[in-house]
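These protein sequence lines map, in sequence, to chains A and B. Position 86 (the first sequence) corresponds to 86 in this note's numbering; numbering is contiguous. Here this note's numbering runs 93 ahead of the position in the second sequence, where the first position is 1.
Keep in mind that the hints were calculated from the coordinates and are not lab data. Take these hints with a grain of salt, some might be off.
To be verified - With the Cβ distance kept under 10 Å, some of the chain A side facing chain B (calculated, not the full set):
id	residue
1	GLY78
2	VAL90
3	SER91
Ideal placement from N, C-alpha and C gives every residue a C-beta, glycine not left out.
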Amino acid sequence: MTLHILNTSPSDRNTFLSCSAALAEDDVLLLIEDATYWLLPQHRADLARIPARVVALAPDRQARGIDACHLTEVDDAGFVELTVKHHPIVSWF
Amino acid sequence: MKRKSVLVICRKGPYGSSAAREALDIALSGAVFELSVSLLLLDDGVLQLLPGQNSGLIGEKNLNAMLSALPLYDIEQVYTSLHSLALHGLEAQRLEPAPRALDNQELQTLIKCHDMVLTV
């Protein structure tokens, strides 16, 4: 299973689309840094269309004042665990 | 021992930043050290393959000419996506070197079959 890491905000639509295209069903998408803005209510419909499991990095979301949603979250230790458990790892920025 | 395979992904055009040049340097370095290297050019990255680049006019080396030399380094195939071609209205066979255009399923498979993926 591949771990995809996205760090760009919803205004960079193309990075999101390319990342989505490369996501297989058993992959995980981790939202970090400005990609946590995808959790804003305005963008959740786009997130819901992603076939893979989506996870957000909690400290990055909380730092930006974004409300939690139903999405699974990880802390920094969880981030590390994801990188250990998946192969290969693809960064999208 | 099986050679490690590396997929280098670049999503930037050739001259707006140093990203394209760095991706190429990484690909060539990997090949020199006998890694099995593939290059995937997505979004603006596919613009690196536009023929007729005259980069001397802006004081840059012709990146496209270097990409055309990839087979000398055993990097036989450059990949892009159908989405990237459509984004800029390009046809694969008019690009140099002509890339193999992948649909989403093939893109996912390409990523999974490499030991390591580097995005530049």
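- prompt: Does A:GLY78 meet its interface restraint, that is, does its C-beta lie within less than 10 Å of any C-beta in chain B?
  reply: At 21 Å from the nearest chain B Cβ, A:GLY78 fails the 10 Å test, so the hint is violated.
message: Checking hints one by one. Is A:SER91 an interface residue toward chain B, by the C-beta closer than 10 Å rule?
response: Hint on A:SER91: holds, closest Cβ of chain B at ~5 Å, below 10 Å.
field: Agreement of hint A:VAL90 with chain B interface, Cβ distance less than 10 Å
entry: Hint on A:VAL90: holds, closest Cβ of chain B at ~5 Å, below 10 Å.
Checked against the numbered hints given earlier, this structure breaks only hint 1.
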